[in-house]
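Protein sequence lines, in the order shown, are assigned to chains E and U. Mapping the first sequence onto UniProt numbering, position 155 (from 1) lands on 155, and the numbers just tick up by one. Mapping the second sequence onto UniProt numbering, position 299 (from 1) lands on 299, and the numbers just tick up by one.
Wrong hints could be hidden among the right ones.
Unchecked claim - Between beta-carbon pairs, the in silico distance windows are:
| # | chain 1 | residue 1 | chain 2 | residue 2 | range |
| --- | --- | --- | --- | --- | --- |
| 1 | U | P412 | E | A109 | 23 to 29 Å |
| 2 | E | K174 | U | D43 | 22 to 28 Å |
| 3 | E | Q163 | U | D43 | 19 to 25 Å |
Claimed, not checked - Computed footprint of chain U on chain E; a stretch qualifies when at least three of its residues, placed anywhere within it, have a C-beta under 8 Å from a C-beta of chain U:
| # | segment |
| --- | --- |
| 4 | 18–32 |
| 5 | 47–61 |
| 6 | 178–190 |
| 7 | 228–234 |
Claimed, not checked - Calculated lysine to any residue pairs in the SDA-like style (CA-CA distance at most 20 Å, straight line):
| # | chain 1 | residue 1 | chain 2 | residue 2 |
| --- | --- | --- | --- | --- |
| 8 | E | K97 | U | E305 |
| 9 | U | K468 | U | L427 |
| 10 | U | K49 | U | L59 |
| 11 | E | K233 | U | R445 |
| 12 | U | K468 | E | V45 |
| 13 | U | K468 | E | R14 |
| 14 | E | K233 | U | L446 |
| 15 | E | K233 | U | R457 |
| 16 | E | K137 | E | R252 |
| 17 | U | K401 | U | G351 |
| 18 | E | K6 | U | E46 |
| 19 | E | K233 | U | L441 |
| 20 | E | K233 | U | W449 |
| 21 | E | K97 | U | E370 |
| 22 | U | K468 | E | D50 |
| 23 | U | K49 | E | I5 |
| 24 | E | K137 | E | D254 |
| 25 | E | K233 | U | T450 |
| 26 | U | K468 | E | D44 |
| 27 | E | K137 | E | E253 |
| 28 | U | K468 | E | E29 |
| 29 | E | K233 | U | G447 |
| 30 | U | K468 | E | H46 |
| 31 | E | K6 | U | K49 |
| 32 | E | K97 | U | Q380 |
| 33 | E | K6 | U | T52 |
| 34 | E | K237 | E | Q202 |
| 35 | E | K6 | U | D48 |
| 36 | E | K237 | U | R454 |
| 37 | U | K468 | E | P48 |
| 38 | E | K97 | E | M7 |
| 39 | U | K468 | E | L32 |
| 40 | U | K37 | E | A180 |
Hints were generated in silico from the structure; no laboratory data involved. Cβ coordinates follow ideal geometry from the N, Cα and C atoms, glycine included.
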Amino acid sequence: MTDSIKMYPPKPDRVYLFGTCLIDIFYPEAGLAALSLLEREGIDVHFPDDQTCCGQPAYTSGRMDEARDVARRQLDLFPEPWPILVPSGSCGGMIAKHYPHLFEGTDDAARAEDIAARTFELTDFLLNVCHVRLEDKGEPVQVAMHTSCSARREMGLAEVGPQLLGQLSGVTLKEQAHAAECCGFGGSFAVRHPEVSGAMVQDKVAALSETGVQHFVTSDCGCLMNIDGCAQKQGAKLRGEHLLSFLWQRTREDRTHD
Amino acid sequence: MTDTHGAVPFHPNVRTALDNPQIRGNFRRAMDGLMDKRRLAFDDWELDKLRTLGSAVRLNALHHLPELLEQLDTRCRANGIQVHWARDGDEACALITDICRRRNARSVIKGKSMVSEEMELNHHLEQADIEALESDLGEYIVQMAEETPSHIIMPAIHKNTREISDLMHDKTGTEPSLDARYLTASARAQLRERFMNADVGISGVNFAVADSGTLCLVENEGNGRLTTTVPPCHIAVTGIEKVVPSLDDVAPLLALLTRSATGQPITTYFNMISGPRQPDEQDGPEEVHLVLVDNGRSEVYQDEELAETLKCIRCGACMNHCPVYTRVGGHAYGTTYPGPIGKILMPQLMGLDQTPDFPSASSLCGACGEVCPVRIPIPQLLVRLRQESVDGDSLHPAHVKGHGVKRGRLEPWIWRGWAWMHRSPALYRLGTALAARFRRLTPSRLGGWTDYRRAPRPAATTLHQAIKARRTHRRPS
Chain E
1 MTDSIKMYPP
11 KPDRVYLFGT
21 CLIDIFYPEA
31 GLAALSLLER
41 EGIDVHFPDD
51 QTCCGQPAYT
61 SGRMDEARDV
71 ARRQLDLFPE
81 PWPILVPSGS
91 CGGMIAKHYP
101 HLFEGTDDAA
111 RAEDIAARTF
121 ELTDFLLNVC
131 HVRLEDKGEP
141 VQVAMHTSCS
151 ARREMGLAEV
161 GPQLLGQLSG
171 VTLKEQAHAA
181 ECCGFGGSFA
191 VRHPEVSGAM
201 VQDKVAALSE
211 TGVQHFVTSD
221 CGCLMNIDGC
231 AQKQGAKLRG
241 EHLLSFLWQR
251 TREDRTHD
Chain U
1 MTDTHGAVPF
11 HPNVRTALDN
21 PQIRGNFRRA
31 MDGLMDKRRL
41 AFDDWELDKL
51 RTLGSAVRLN
61 ALHHLPELLE
71 QLDTRCRANG
81 IQVHWARDGD
91 EACALITDIC
101 RRRNARSVIK
111 GKSMVSEEME
121 LNHHLEQADI
131 EALESDLGEY
141 IVQMAEETPS
151 HIIMPAIHKN
161 TREISDLMHD
171 KTGTEPSLDA
181 RYLTASARAQ
191 LRERFMNADV
201 GISGVNFAVA
211 DSGTLCLVEN
221 EGNGRLTTTV
231 PPCHIAVTGI
241 EKVVPSLDDV
251 APLLALLTRS
261 ATGQPITTYF
271 NMISGPRQPD
281 EQDGPEEVHL
291 VLVDNGRSEV
301 YQDEELAETL
311 KCIRCGACMN
321 HCPVYTRVGG
331 HAYGTTYPGP
341 IGKILMPQLM
351 GLDQTPDFPS
361 ASSLCGACGE
371 VCPVRIPIPQ
381 LLVRLRQESV
391 DGDSLHPAHV
401 KGHGVKRGRL
411 EPWIWRGWAW
421 MHRSPALYRL
431 GTALAARFRR
441 LTPSRLGGWT
451 DYRRAPRPAA
461 TTLHQAIKAR
471 RTHRRPS
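Make a model of the complete structure from these sequences and hints.
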């Protein structure tokens, strides 16, 4: 991966939302929060009904035929030249960074390049294209943030989450030890190498818990499911939430006081 | 190495390592220290530019590899260095053994060389009744313990001071001590005598300079200098990929190597060997040999994408930053090169069938690729090798040795089913809606996942359903 300068477009009127299959099935509230946050910025959000999965599970398992098969269907979903927003660094990275490689030399290469170029991770888009200004309406709270490896390294978004949280006056962000280290999810890695993956997530839960927070946020559902699931299994107090859900809940007008 | 005894038993090794708190503690502490040192070493450098330069230098050298090797051969011979070519490790070992025999050598002193580990040189020499002693402190410890290196730069990093003290007490009678200086001094005294009496010195090479026939050797302990100057015969052994066009190419690579490896701006010793002792010189070996070892590298070279593996300058930064390596240590891999570089190099050298669990043993977190001083796209190459493991791309047929080892009988059908469902939006929506509807039936045990985590349970409605409901709700009646 080369370090290229990222170009942001001016704030558009319309965008596509690619919800990701994990949000679809396990964390729909994060997808709805994304919708609400974007609409509050005056953006018309189109959610193509025929979206399924970006194809990453097959891609990282080396099953390129199946990955291409599923990814090709997603290429059909975005006919207008609007930005494509993905509430995940991992799935966003799959489309923005790996689709061109996946379709290289095929009839779909140009389409894949086009779609890759207008795909953005959603929190990055809120911060750097919408220039969102968040007004915190919640009680003071301390949270920690886990930035996914794909958001951090593949998409170069390590600063985005902390900057958004920094806009919330009642939120204190605590940093855990080894913050940049992987939580051990890695998709099929967690299934194929459960012992190493398990050791990694246990260390991550310990590091987050040691900051003294009871809540952590992350903008990737794989990490969320992994870390939160481990904390639950251990009976730890730590609970996780998608960053978008957290941002929306803290700033919505009709917020009920907790 | 296990290439004659079947595939590397990675999973059992991992379990043993994870159950050993000593190993986990030793590696975590050591790797944390190395990561800090590296970060500080690059504080005042434009690191990304330097990495881009390093990558370009290595790529350029690889593009011209055949010509550069011929030039190196010519220049070295002109300098009085005897050059030998070895197709594989066994051939290299035989060449080296022959040189030793011809000189009636009984005692060999060795500087650190990973390629000599790769070809199990010490074992070969031992069989020829030639005693080889490792002189790098870490290698010396590992050899004494009858182990193999657990890290390519710090071979004994898996041992703490107490373990080393106990070992040296048992094997050399050194008084037990937790003072690392005392232990080092004891090793130094014992090694010094061996340097003086050795018949042959064997070293590795960090950079072989083609246009001047210079062999560069990077080291910290002075053992490399002694190995290459005190014995009457010096044999340098290296993989064929270590050649660079000129000394100009060495500067950026050296800057990257020492900072990435140990956080040093420069090592204590940097040796540039350009030939045997000249008539007007007082010291140095009377004979210098260079053994160029292929051992599978030219096969790696054939594939443009995988050939990037050969850019490696063996700094070890990828292992220092790897969350998997940090937890299981180098021995779990059971191969000469462990960690991320091992996971892409060993399957290509040994065959995927010998290292079936290597490509998948990564969360693809990207830490290795982020720190690699020559920008080897390690995560991308891991994905490529996963594809090779399952013969997963009909557009790019697999060709790495042992490909298809993980194809499986059931798995292809699972993936076909997965693809079928995810390319049919109606079927996908039905499937996910059913998962939401019957969420309480989600199994509570899901293989290895639930050994460490609670099983995830689908939400009551899918995002598709929730958005549909939202649209209906908002539509003016």
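Each hint tested on the structure:
| no. | hint | verdict |
| --- | --- | --- |
| 1 | U/P412 x E/A109: 23 to 29 Å | 26 Å, holds |
| 2 | E/K174 x U/D43: 22 to 28 Å | 26 Å, holds |
| 3 | E/Q163 x U/D43: 19 to 25 Å | 24 Å, holds |
| 4 | 18–32 | holds (count 11) |
| 5 | 47–61 | holds (count 12) |
| 6 | 178–190 | holds (count 10) |
| 7 | 228–234 | holds (count 4) |
| 8 | E/K97 x U/E305 | 17 Å, holds |
| 9 | U/K468 x U/L427 | 17 Å, holds |
| 10 | U/K49 x U/L59 | 15 Å, holds |
| 11 | E/K233 x U/R445 | 12 Å, holds |
| 12 | U/K468 x E/V45 | 13 Å, holds |
| 13 | U/K468 x E/R14 | 18 Å, holds |
| 14 | E/K233 x U/L446 | 13 Å, holds |
| 15 | E/K233 x U/R457 | 13 Å, holds |
| 16 | E/K137 x E/R252 | 8 Å, holds |
| 17 | U/K401 x U/G351 | 5 Å, holds |
| 18 | E/K6 x U/E46 | 19 Å, holds |
| 19 | E/K233 x U/L441 | 19 Å, holds |
| 20 | E/K233 x U/W449 | 11 Å, holds |
| 21 | E/K97 x U/E370 | 15 Å, holds |
| 22 | U/K468 x E/D50 | 12 Å, holds |
| 23 | U/K49 x E/I5 | 14 Å, holds |
| 24 | E/K137 x E/D254 | 10 Å, holds |
| 25 | E/K233 x U/T450 | 8 Å, holds |
| 26 | U/K468 x E/D44 | 15 Å, holds |
| 27 | E/K137 x E/E253 | 8 Å, holds |
| 28 | U/K468 x E/E29 | 14 Å, holds |
| 29 | E/K233 x U/G447 | 14 Å, holds |
| 30 | U/K468 x E/H46 | 12 Å, holds |
| 31 | E/K6 x U/K49 | 17 Å, holds |
| 32 | E/K97 x U/Q380 | 11 Å, holds |
| 33 | E/K6 x U/T52 | 18 Å, holds |
| 34 | E/K237 x E/Q202 | 14 Å, holds |
| 35 | E/K6 x U/D48 | 16 Å, holds |
| 36 | E/K237 x U/R454 | 14 Å, holds |
| 37 | U/K468 x E/P48 | 11 Å, holds |
| 38 | E/K97 x E/M7 | 15 Å, holds |
| 39 | U/K468 x E/L32 | 11 Å, holds |
| 40 | U/K37 x E/A180 | 16 Å, holds |
When the structure is compared with the earlier hints, no violation turns up for any of them.
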